[in-house]
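Enquirer: Below, each chain spelled out in residue letters.
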Amino acid sequence: MGRNLASRTGAIIAVLVIFIYGIFGVPYGGLKASLERRINLGLDLKGGTHLVLQVHVIEAVNSETDRDVQALNTALASTGATAAKLDPNHPEVITISGGSEAQQSAIHDIITGSEYAGYDVTSTGVSGYKMTMRPTEVAAVEERALDTSIDTIRQRVNTLGVSEPQIEKYGLGDNEILVQLPGVSDPGRVENIIQSTAKLEIHAVVGSYGSMAEAQQANPGGIPPEDELLPGNNGEGGPDQYYLLKRLAIVSGTDFRDAQPSTDENGRPDITFDLTTEAGDRFYKYTDANKGTGQMAIVLDNQVREVAGIESAIRDQGRITGGFTEQQAEDLSLMLRTGSLPASISYLETRTVGPTLGAASIHEGVVASISGLLVVMICMLIYYRGAGVNANLALILNLLILLGFMGFSGATLTLPGIAGVILTIGMGVDSNVLIFERVREELKLGKTAAAAVQDGFGHAWTTIFDTHVTTIVSAAILFLFGSGPVKGFAVTLTIGLMANIFTAVFVSRTIFDFLLTKKPRGTMELSI
Amino acid sequence: MELFRSANIDWLGKKWYFLGFSLIFSVAGLCSIFFWHGIPTGVDFKGGTDITVQFNSTPHEDAIRRALSQAQIKDPTIERISDVGGEMVGNKVIISLPLSSAQDTAHDQGRSEVEQALSAGYHDSGFRVVAVDIVGPTAGKQLTHEAELATLYSLLGMLIYLWFRFELIYGVAAVVAVFHDTLITIGFFSLTNQEITLTVVAALLTLVGYSMNDTIVVFDRIRENLALSRRDKLPDLVNRSINQTLSRTVMSSGLTFLTVLCLFVFGGEVLRGFSFALVVGITIGTYSSIAVAAPMLVAYQEWRAKRAPVGKRVALPAAKGVRR
Numbered sequence: 001m002g003r004n005l006a007s008r009t010g011a012i013i014a015v016l017v018i019f020i021y022g023i024f025g026v027p028y029g030g031l032k033a034s035l036e037r038r039i040n041l042g043l044d045l046k047g048g049t050h051l052v053l054q055v056h057v058i059e060a061v062n063s064e065t066d067r068d069v070q071a072l073n074t075a076l077a078s079t080g081a082t083a084a085k086l087d088p089n090h091p092e093v094i095t096i097s098g099g100s101e102a103q104q105s106a107i108h109d110i111i112t113g114s115e116y117a118g119y120d121v122t123s124t125g126v127s128g129y130k131m132t133m134r135p136t137e138v139a140a141v142e143e144r145a146l147d148t149s150i151d152t153i154r155q156r157v158n159t160l161g162v163s164e165p166q167i168e169k170y171g172l173g174d175n176e177i178l179v180q181l182p183g184v185s186d187p188g189r190v191e192n193i194i195q196s197t198a199k200l201e202i203h204a205v206v207g208s209y210g211s212m213a214e215a216q217q218a219n220p221g222g223i224p225p226e227d228e229l230l231p232g233n234n235g236e237g238g239p240d241q242y243y244l245l246k247r248l249a250i251v252s253g254t255d256f257r258d259a260q261p262s263t264d265e266n267g268r269p270d271i272t273f274d275l276t277t278e279a280g281d282r283f284y285k286y287t288d289a290n291k292g293t294g295q296m297a298i299v300l301d302n303q304v305r306e307v308a309g310i311e312s313a314i315r316d317q318g319r320i321t322g323g324f325t326e327q328q329a330e331d332l333s334l335m336l337r338t339g340s341l342p343a344s345i346s347y348l349e350t351r352t353v354g355p356t357l358g359a360a361s362i363h364e365g366v367v368a369s370i371s372g373l374l375v376v377m378i379c380m381l382i383y384y385r386g387a388g389v390n391a392n393l394a395l396i397l398n399l400l401i402l403l404g405f406m407g408f409s410g411a412t413l414t415l416p417g418i419a420g421v422i423l424t425i426g427m428g429v430d431s432n433v434l435i436f437e438r439v440r441e442e443l444k445l446g447k448t449a450a451a452a453v454q455d456g457f458g459h460a461w462t463t464i465f466d467t468h469v470t471t472i473v474s475a476a477i478l479f480l481f482g483s484g485p486v487k488g489f490a491v492t493l494t495i496g497l498m499a500n501i502f503t504a505v506f507v508s509r510t511i512f513d514f515l516l517t518k519k520p521r522g523t524m525e526l527s528i
Numbered sequence: 001m002e003l004f005r006s007a008n009i010d011w012l013g014k015k016w017y018f019l020g021f022s023l024i025f026s027v028a029g030l031c032s033i034f035f036w037h038g039i040p041t042g043v044d045f046k047g048g049t050d051i052t053v054q055f056n057s058t059p060h061e062d063a064i065r066r067a068l069s070q071a072q073i074k075d076p077t078i079e080r081i082s083d084v085g086g087e088m089v090g091n092k093v094i095i096s097l098p099l100s101s102a103q104d105t106a107h108d109q110g111r112s113e114v115e116q117a118l119s120a121g122y123h124d125s126g127f128r129v130v131a132v133d134i135v136g137p138t139a140g141k142q143l144t145h146e147a148e149l150a151t152l153y154s155l156l157g158m159l160i161y162l163w164f165r166f167e168l169i170y171g172v173a174a175v176v177a178v179f180h181d182t183l184i185t186i187g188f189f190s191l192t193n194q195e196i197t198l199t200v201v202a203a204l205l206t207l208v209g210y211s212m213n214d215t216i217v218v219f220d221r222i223r224e225n226l227a228l229s230r231r232d233k234l235p236d237l238v239n240r241s242i243n244q245t246l247s248r249t250v251m252s253s254g255l256t257f258l259t260v261l262c263l264f265v266f267g268g269e270v271l272r273g274f275s276f277a278l279v280v281g282i283t284i285g286t287y288s289s290i291a292v293a294a295p296m297l298v299a300y301q302e303w304r305a306k307r308a309p310v311g312k313r314v315a316l317p318a319a320k321g322v323r324r
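Residue numbers (the numbering used here), protein chains in the order written: chain A, 1 to 528; chain B, 1 to 324.
Excised from the complex, chain A in its bound form:
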C-alpha cells in the first residue's frame, strides 16, 4: 500500500508539473506575459473580424470552358464547324455545329483529342456534337478555384499588414472560406479588397449604346452568343453607357505580370500594367492587325472602365486611367499584382468585436470564474469539512490540467469557452459529491473508514462513468457541428470533464488513502 501510494503521488505530481508547464511554458517576462503567449485567445476576446465568404466557383468553370471554346474555334477553323456555349445555366456544356459531311471525322478527331480529355462527347443529330465537362473535372476546376481564391486572399491580406490572419476552408456549406483577422475592427476596406475579384480583361468593342433599351433595340434578336453587353463605369459618374463586346477577352487575368500605381500627365492617379511575354505577343498581333480601325475596352470586374481606339500596335505595357483616387489606384494595383480571383465572392457572415469589448469580456469571464470557484470551494468545505479539502484540491488540479491542455494543444479560448470552464467547476465537483455521499452511506452501515472509502469509490464509479460519457457525447457533437466561439465551449467542457475523471476519482482517492495510512487500522473516523 505504502509503495503504491508513493507511486500514485509521484504520478500526480508529474501531471501537475507537465500541465503547469503547459500553461506558462518556460516563464520569461513575467507570469502574465507567459500566460498570454501560451493561451490562444479567440477573436471574441482579443478583438478582430471574422468573415465567412462563398466563392462562386461555377464562374471558374465558365471561364475554363470559355478558353476551350476559343481554342476549339481555332482548331476547327479549317473544318467549317464552330464551337459555342448556348445555355448560360450550363456553362460546362459546349455545342459544336456546322461543318460539312466530309469533315465529320476530322471534327470528331479534334474534339476527342487529348486536350479535351476532360469532356464527354455525344453526337446530336446529323452533324453536331455536345461536349460536356465530366463531373470529376468540374469538381477539380472548382476545387482549384477555391484553393486559388484562398491563396489570393491570403496574399492580399498579408500585403495589408494584418498580423496572424487565418484563412482556410470552412465546412458549413460548399465552397466557403473562413477569414479571421485579429485586431481588425473596421473591416470595410479589407472586405472591399478581399471581395474585389479584380478581374481585368481587355475586349474588342463591337458597339456602344446610351442605355439598356437602346442596346436591346439595336439587337432585336437578342445579344449574339459570342458577344456580351456590359455597363460602362469610368469611375467619374456621367451618363449611362453600355458596350457590346466580344465575349472572349484579348488578354485576361493571368496575362498580367505587374501593376503599379502611377500618375498621368495631368498628375491624376492611374495604373500602369505589364503583360507577360506570351500575352504581349498576342496583344501585339491583335493591335497591329486592328490599328486605326478597332476599339478596345478595358473591363474591370465586368464593368467597362475605359474604351480606347487602337492607334498603334502595343506590346506589353498599358495603362488604365480615369477617376481613381490615390487609395483606389493603390488598392487596385495591389489586387492586380496578387492576381485576380478566379471567381467572384460574396459574404455570408461578418462578425466584428472591438478590442475594448474583448477586454471587457475577459474581465467579466475571469470575475465570473473566480467567484464561481470560490462559492463552490466554500460550500464543499462547509458541507464535507476535511473531505472538502480533497475535492477542492482535485478541482484546482482539474482547472490546471484544463488550462495546461489549452496551452499544449493551441486550442482557442473563447468567451463561451470560459463559460465551459465555469460549468466544469460546477459539474466537476459533482463526482466528488457522488463519492462522498456514498462514503457517508457506507459509514452509516457501520463500515470502517478504509472499507467505506473503498466501497464508496467503487459504487460511485459506475455512475461517474455513465454521467461523464453522456455529457461528453453532447459536448463532442457540439464540437463536430458547432462553429466559431461555440466550438470553444465544447473544447473546454470536454477537456474539463475528461480531466475530472482523473482528478475527482484518482487524485481524491489518493488523498483519502494518504490520510487513512496515518490513522490506526479499523478506525471509524473520517472527516466527511
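Everything labelled a hint here was simulated from the structure, so no lab data went into it. All values derive from a computational prediction rather than experimental measurement. Any given hint could be a false lead.
[As the list claims (entries may be wrong)] A short, non-exhaustive set of chain B residues, derived as facing chain A with CB atoms under 8 Å:
{"no.": "1", "residue": "116"}
{"no.": "2", "residue": "149"}
{"no.": "3", "residue": "159"}
{"no.": "4", "residue": "161"}
{"no.": "5", "residue": "209"}
{"no.": "6", "residue": "243"}
{"no.": "7", "residue": "247"}
{"no.": "8", "residue": "248"}
{"no.": "9", "residue": "252"}
{"no.": "10", "residue": "273"}
[Said to hold, decoys possible] Computed list of lysine to aspartate or glutamate pairs in EDC-like fashion (alpha-carbon distance at most 20 Å, straight line):
{"no.": "11", "chain 1": "A", "residue 1": "46", "chain 2": "A", "residue 2": "164"}
{"no.": "12", "chain 1": "B", "residue 1": "141", "chain 2": "A", "residue 2": "164"}
{"no.": "13", "chain 1": "A", "residue 1": "487", "chain 2": "B", "residue 2": "148"}
{"no.": "14", "chain 1": "B", "residue 1": "141", "chain 2": "A", "residue 2": "176"}
{"no.": "15", "chain 1": "A", "residue 1": "447", "chain 2": "B", "residue 2": "2"}
{"no.": "16", "chain 1": "A", "residue 1": "444", "chain 2": "B", "residue 2": "269"}
{"no.": "17", "chain 1": "A", "residue 1": "46", "chain 2": "B", "residue 2": "269"}
{"no.": "18", "chain 1": "A", "residue 1": "444", "chain 2": "B", "residue 2": "148"}
In this text, a Cβ means the ideal position worked out from N, Cα and C, and glycines have one as well.
Given the structure of chain A, go ahead and fit chain B onto it with the hints provided.
Expert: Same frame as chain A, but now just chain B:
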C-alpha cells in the same frame, strides 16, 4: 453537516402534482411559441445586422431613432443593454437591422450607414461601434440547420448509449425527461421574449447533457437496488432510490446552479442568454429526473403488468452490466 438524514419522501405519490406542474409549464411555453412570441431567434438564425454601439454617456433611444430615420434607415430595432457587472454600465445599445441589410453581396453597408447616421444626427454624446454581427440569408439557414442537426444527434447519441448501458425503456424515459426540460426552457425564452442565439443552443445542448447526468444518477441507483432486492414493490424501490440520492442531487445541482448564477451575474451581456438558459435548465433538469424520468419507469412497468397474463410476474429489466 448533512442536508437529508435518511430522507423518506413518497415521491411517486405526488406524481399527479408533478404531471400537473410539468403540463402547466409545457403548455404555457407551447402557447407562447405558437400564439404569442413564437421562438424568438437572434441574428444568428434569422439573419440581419446587429450593431453594438457604446456611448460615452447615457444614450437616448428616441434621439438614436430620429438620427436613423433621418438617414432613411428602415425598420431598425433599438435595444439598450443593461450590464449587471462590468465597468461600462448601461451605455450600450444594440441596433438591429432586418435581413435585407445583410444581402450576400454588400455586407458592410448597413454598418457604415448606421455609423454615418449617428455621426450626422446624434449629438448627445460621442459613440463608438464596439461589435458588429452581420449574418446573410445563406449563413442564417446554414447555422439553423447546424443547430437542428446538433440537437438531434446529441439526443440520439445519448439514447443509443443508454440503450447499450441500460435497457431501452431507461433510455426512452431519460430522453423524454430531457425533451421535457428543453421544451420548458425554450418556452421560458419564448415567454420572456429573449432571443435564442448560437450560444443559447450550446447551452441547451449542455443542459441536455446535464439533465441526462442527473437522471442517470437516479437510474443507476434504481438498477443497483433492483439487483439487490427483486421482491420489493417497484414504486417503493424507486422512492427509496430517489431518497438515497437526494443529498447528492441537491448538493450537485445546487453547486452547479451557483456557478451558473455567477456566470449570469458577472459574465456580461454576451453570455446573458447562455447563462439564463442554464439557470432555468438546471432547475428544470434536476426536477425532471425525479419527477418525470423515474415515474415514467414505474408507469411503464404498471402498463406492462396490466397487459401481462394473470399470474405471471413482470419485473422491470434490471439492466445490463451491473458492476458489483
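Enquirer: Run every hint past the structure and note whether it holds.
Expert: Comparing the hints with the structure gives:
The beta carbon of residue 116(B) comes no nearer than 12 Å to any beta carbon in chain A, farther than 8 Å, and the hint placing it at the interface is violated. Given the 8 Å rule on beta carbons, the hint for residue 149(B) holds: about 6 Å separates it from the nearest Cβ of chain A. Interface hint status for residue 159(B): violated, as the beta-carbon distance to the closest one in chain A is roughly 10 Å, over 8 Å. Because the beta carbon of residue 161(B) sits about 6 Å from the nearest beta carbon in chain A, less than 8 Å, this interface hint is met.
Below 8 Å, beta-carbon pairs count as interface contacts, and residue 209(B) has one with chain A at about 4 Å; its hint therefore holds. Below 8 Å, beta-carbon pairs count as interface contacts, and residue 243(B) has none with chain A, the closest being about 11 Å; its hint is therefore violated. Using the Cβ-Cβ criterion of 8 Å, the hint placing residue 247(B) at the interface with chain A is satisfied: the shortest such distance is roughly 5 Å. A distance limit of 8 Å between C-beta atoms decides the matter here; for residue 248(B) the minimum to chain A is near 4 Å, and the interface restraint holds.
Among the interface hints, the one on residue 252(B) holds; its C-beta lies about 4 Å from the nearest C-beta in chain A, closer than the 8 Å criterion. Annotation: residue 273(B) was flagged as interfacial toward chain A, and the flag is violated, the nearest CB pair being 11 Å apart, outside 8 Å. Restraint check for residue 46(A) and residue 164(A): satisfied, since their Cα atoms lie roughly 13 Å apart, inside the 20 Å limit. Between residue 141(B) and residue 164(A) the CA atoms are separated by roughly 30 Å; this puts the pair beyond 20 Å, and the hint is violated.
With a CA separation close to 16 Å, the supplied pair residue 487(A) and residue 148(B) stays within the 20 Å bound. At most 20 Å may separate the alpha-carbon atoms for a hinted pair to count; residue 141(B) and residue 176(A) meet this at roughly 14 Å. With a C-alpha separation of about 19 Å, the suggested pair residue 447(A) and residue 2(B) falls inside the 20 Å cut-off, and the hint holds. For the proposed pair residue 444(A) and residue 269(B), the alpha carbon gap of about 47 Å is over 20 Å, so the pair is violated.
Distance hint between residue 46(A) and residue 269(B) is fulfilled; the C-alpha atoms sit about 17 Å from each other, no more than 20 Å. Taking the CA atoms of residue 444(A) and residue 148(B), the gap is near 47 Å; set against the 20 Å cutoff, the hint is violated.
When each numbered hint is compared with the structure, violations occur for hints 1, 3, 6, 10, 12, 16, 18.
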